[in-house]
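Engineer: Let chain H serve as the given structure and place chain A on it in line with the hints.
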Amino acid sequence: MTDFNTMQDALINCDPDKLVGLVNAALAENVPAVDILNKGLIAGMDIVGDKMENGDMFIPEVLMAAKAMGECVIILKPLLGEDESTRGGNVIIGTVKGDLHDIGKNLVSMMMESAGMTVHNIGVDIGPEDFVTQIKEKNAQIVCLSALLTTTMPMMKQTIDAIVEAGLRDQVKVMVGGAPVTQAFADEIGADGFAPDAGSAARFAKILVA
Amino acid sequence: MFEVIGERINTSRKKVQEAVASKDAQYIIEDVQKQQEAGATYIDVNAGARIGYETQDMQWLLNTIQPIATVPLTLDSPDPAVLEMAFQMVEKTPMINSISLEKERFDAMIPFLDGKDCKVIALCMDDSGMPGSADDIIARADTLVKELNTIGIGTESIYIDPLVQPISTDSNKGVMVLDAVRGIKTKYPEVHITGGLSNISYGLPQRKIINRTFVTLMMGAGMDSAIIDPLDEKIMGTIRTSDMLMSHDDFCMNYLKGVRAGTIFS
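Protein chains in written order, with this note's numbering: chain H, 1 to 210; chain A, 1 to 266.
Here chain A stands alone, though its shape is the one from the complex:
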């Protein structure tokens, strides 16, 4: 089954920031419940946008969300101190968002992750910037898997983000990331592939059809998770339909359930 990491609880979104600033717990609770009902399998929590308030905002958000969370949380911060606090607050095994090969981030995250029971998103980013080829992405994923294995995080707990780049700036960016995903999955069949999708359509009109078509291709290549807005019914419908077509839906039950509920439509 495709894993949907719901991206909505992020203080860089205006309404979430307002709710956090005014301690409007009801708004946050309703948003999380809607994401869960829509099929989110993780709820991402990012409290980074109000500079200087990340610790207290994260703490308040987790206190608000934890009692009603039916799925595990994705703790989203570059700061190991914030993550350490958050890690102690959650009940279900969380996902950590994220580690990368950027030296500063890598050196800060490894001691935090060492010995912890968690899933982790690993970005194919290093100090030279965005990857420039499929081989480059594969090599970075390879390093990340090996380094994380060394500190006791199993390959099946790693979610590689190959970093989707805009096709508007280079017509080959779609094929590049698709090839990379196939290469990573060939080498590490148990590793997960996740990431944001909407970067692919940056700079082009009618972005949603690009995003939906792209997620289908990415799933075919081996992507089995994404960080998206689960309240976007059309992309969720595309994902569930693709899941069915890829033998992840016995007797097409989830598809039919979605159609009857009115969330999957042609």
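Only chain H is shown next, with the shape it has when bound in the complex:
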């Protein structure tokens, strides 16, 4: 009998060798890959996200846990049905035009991927029209806008306005984040959500597409 808790613990303790061993052992016992992914890895990363949100785990540990998970996903991917690996939600994430910061956005992207979502990280300095094009192309359910400068925060509003004008606002939920961004600002510009850190961003994204 596979113990998913042990798998989650290996993830939380940032122990990739042990985790890969546990995943292979579970597969040898004919545990379905989708269960290993959802009940072991994604459930474990949910705990990692919570711990990050509470200040009990820090960025280097979260990166290591995500790396360990990534190694396991490579093993599991060929064994997963197409719908099983993409059912977590389809997300576009980018930093708005005029802003070149990418660290926070990449962390959010990584946590969302670890939460089982399909994330299209489209980069930095992305104009409103490019977000619109990408939403259409990727048929996204969530679009995440990042800005780290008070001077580029207004570009978040312009991007949301462009999404409204393109008639896509009912199709996508909009999340915003970045050091100077607040819940009040998110409300003011008509975003659906704001998250102060990568762990809560992933949790909130799951709620939005549930």
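Bear in mind the hints are in silico, worked out from the structure with no lab data behind them.
Check each hint, because a few of them may be wrong.
[What the hints assert, rightly or not] DSSO-like cross-link-like pairs, simulated, lysine-lysine; straight-line CA separation at most 30 angstroms:
{"hint": "1", "chain 1": "H", "residue 1": "51", "chain 2": "A", "residue 2": "173"}
{"hint": "2", "chain 1": "A", "residue 1": "185", "chain 2": "A", "residue 2": "234"}
{"hint": "3", "chain 1": "H", "residue 1": "67", "chain 2": "A", "residue 2": "173"}
[Claimed, not checked] In silico negatives: residues of chain H with every beta carbon more than 10 angstroms from chain A:
{"hint": "4", "residue": "14"}
{"hint": "5", "residue": "28"}
{"hint": "6", "residue": "32"}
{"hint": "7", "residue": "35"}
{"hint": "8", "residue": "80"}
{"hint": "9", "residue": "98"}
{"hint": "10", "residue": "102"}
{"hint": "11", "residue": "127"}
{"hint": "12", "residue": "164"}
A virtual CB, placed ideally from N, CA and C, is assigned to each residue, including glycine.
Structural biologist: Using the frame of chain H, we list chain A on its own:
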């Protein structure tokens, strides 16, 4: 001597924004005086956070600060029009914060800086984003120095900001910037190195010990200025002690003065 650019007068700080919005001159004056007493050698003034009010906020801040300023000011804005107004208002030769290699910013700042008597902070940032290696930082610094020299700004008036990046996301980010500082100083011994320090500790607990240890290493590599909160006694104590150890404090006078005043302690 290490130059401390006091970062507190910034409208993105809640209390400063409240003081600016309510025209509370006393709050601003006291804050600047405290920074000067603590050893700030420049006072940075940033009025950018209240969108749409930058010109009038900058004007009010400078009118408030100028009469009591004993050190020069660092005029902090991406907008050349705001800087031009601010430049006319200050008495001592100011420092401009900042130019970078991002095309839009560079093209806007060069005509403003051309022919002016000022110091300038030059960020190693270009349109491809943050630098990815020490060589990358050095190459960007090199371009900035050459371009600024061309419009009459001497190397000794340039403050290169190599852009400190979080070590939490990549364990090599400390060594990367330290190597870059050594490389820049080898090529241009007269250039200054400045910047914020706290980015190094982003995403880690107990950030202040990281910041303090890092400033010591950076000073060893050639950093001779930083944009910090001068009211943080511990980092100021570390900086002054390092300054003494690097032969910038004759007969250890500043160190001893700081100890007697109670601002330097073990």
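Engineer: May I ask which of the numbered hints given earlier this structure violates, with the numbers listed in increasing order?
Structural biologist: Numbers 9 and 10, in rising order.
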